[in-house]
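J.: Note that the protein sequences, when read in sequence, are chains L and G. Just so we're aligned, residue 1 is where the first sequence starts under our numbering, counting upward by one. Just so we're aligned, residue 1001 is where the second sequence starts under our numbering, counting upward by one.
The set of hints was computed from the structure by calculation and includes no laboratory data. Model, not experiment: these values are computed from the prediction. From the three backbone atoms N, C-alpha and C, an ideal C-beta is built for every residue, glycine too.
Chain G residues, not near chain L, derived (Cβ > 12 Å throughout):
#1 Y1025
#2 S1031
#3 E1033
#4 I1036
#5 K1038
#6 E1039
#7 S1055
#8 K1063
#9 K1065
#10 I1077
#11 E1081
#12 P1083
#13 T1084
#14 P1086
#15 K1087
#16 E1090
Beta-carbon label-pair distances, calculated as ranges:
#17 G1005/G with D364/L: 55 to 63 Å
#18 I1036/G with G210/L: 34 to 42 Å
#19 L1016/G with G68/L: 16 to 24 Å
#20 G192/L with G1005/G: 27 to 35 Å
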Amino acid sequence: MGKIITLNGNGAIAEAIRQIKPDVVAAYPITPSTAIVQYVAQFVADGLLDCEFVCPESEHSAMSMCIGAAAGGGRVVTATASQGLALMWELLYIAAGLRLPILAGIASRALSAPINIHGDHSDSIGARDAGWIQIFSENSQEAYDNFIQAAKISEDFDVRTPAMVMIDGFITSHSTENVIVEDDKDVEEFVGEFKPLYPLLDVEKPVTLGSIDFTNYYFEHKRNQIEGIENSRRVILKVADEYERKFGRKYGFFELYKIDDAEIAVVLMGSAAGTGKEVVDELREKGEKAGLIKIRVYRPFPYRELQDVLKNIKAIAVLDRLMSPGAYGAPLFTEVRSAVYDLKKRPKIINYIYGLGGRDIAPDHFKQVFSDLEKLKLNRYKGDVVNYLNLRG
Amino acid sequence: MTEKGWKELTIGTINLEAGNSLQNYTGTFRSGEKPIFKEETCIHCLFCWVFCPDSAIIVKDNKVKGIDYNYCKGCGICVIECPTKPKSLEMVVEEIYL
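The following block holds chain L by itself, in its conformation from the complex (with noise of 0.2 Å):
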């Protein structure tokens, strides 16, 4: 039996990390992730987490050592957020081509300029392109059951893809909630020894790792790659389902909130779940058929499984917390509506961005949504596809 504990989404990614038992943390502290480094750091001083913990010069540098220990063989871990995610970049398209199963906490933050040290997904979502597996979480119970699925799912010989788990900066990172950290051991059962495939460090079995391609190979090893990702659909459902299995809570690709009879509803990801809904209940006792869809899993995109969902909805909003400046919408926006566009019966969908460098949305915001979808959904909405939620004119 696990043990419920109070802790803030840093903690309960750090719990995870320390449940995992990685090989090698390498990670660079950085708001509002440094507290995942910080509890780790003092796990390895207390003796509680037998790993190499290294804090080099920068995000780059530990990135760049987290391939080089995931290359040698190891269980491999960091975290980060914001600029530092940033600085990563390059790091992140190598550590996924070269299918190196590591794990990152990410603390989602804005980007500069200006500087800004508050939640939004800028910095995340800015790296989707990479290669990575990209999990989102409500909450710090999210946070810590999806970074132990992440291990099992990141390391799984089908997949071999290294994945990030998300919180949003400090309105998860730094929020205290009661979490459910289960026994140390039925975690290390559940994720399992580490395997490692093709370790540098066999020396009967030498191998070359991070050859050069020129016109005549780049382009079949990068689809080769995406072998990997696309795997990772069918594994994240069987890892989900037994976790499930183990402990008792259920996740998929995404969080279907009263959607089953809904005629209008928001897409979104991370905390602002929490605050739709609420409205979405309150709407309900109204009589009102509003649902919400939050977003668990964004890399692998799940549009197969959405589309499923959204064929029987009339009006959807998606709510993105970052923007992509010259864009048709905001990335999630265009996702969607991607996925929507094979429906028969296409849904109308508009595009709300929110919540820019930790900008609070408050129920009022989520009831003007609401409010828009009821007009979209009659054919009377007079707005834009694209939208701020809560900016001043």
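Add chain G to chain L, keeping to what the hints say.
T.: Quick look at chain G alone, frame taken from chain L:
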């Protein structure tokens, strides 16, 4: 050599044939000059063999036998390191075919 399709490639660009860079004739990069070996003055100190960054000095039974132009890039380090007077390695202008 037929080129492999993406499904035939190993995971993560891993190359299972260690040491297969031998198949890659880096000597084709060479341009302008190449060293030639002069056995008459060579004392077989093997400095050239030690310093050659491409392992292009051919040595048999501790004796320098010549240069492997398949891998020699013409950097000239062997000539600079050669201690004999006159030098036992000399850079010569190489004709380049473009």
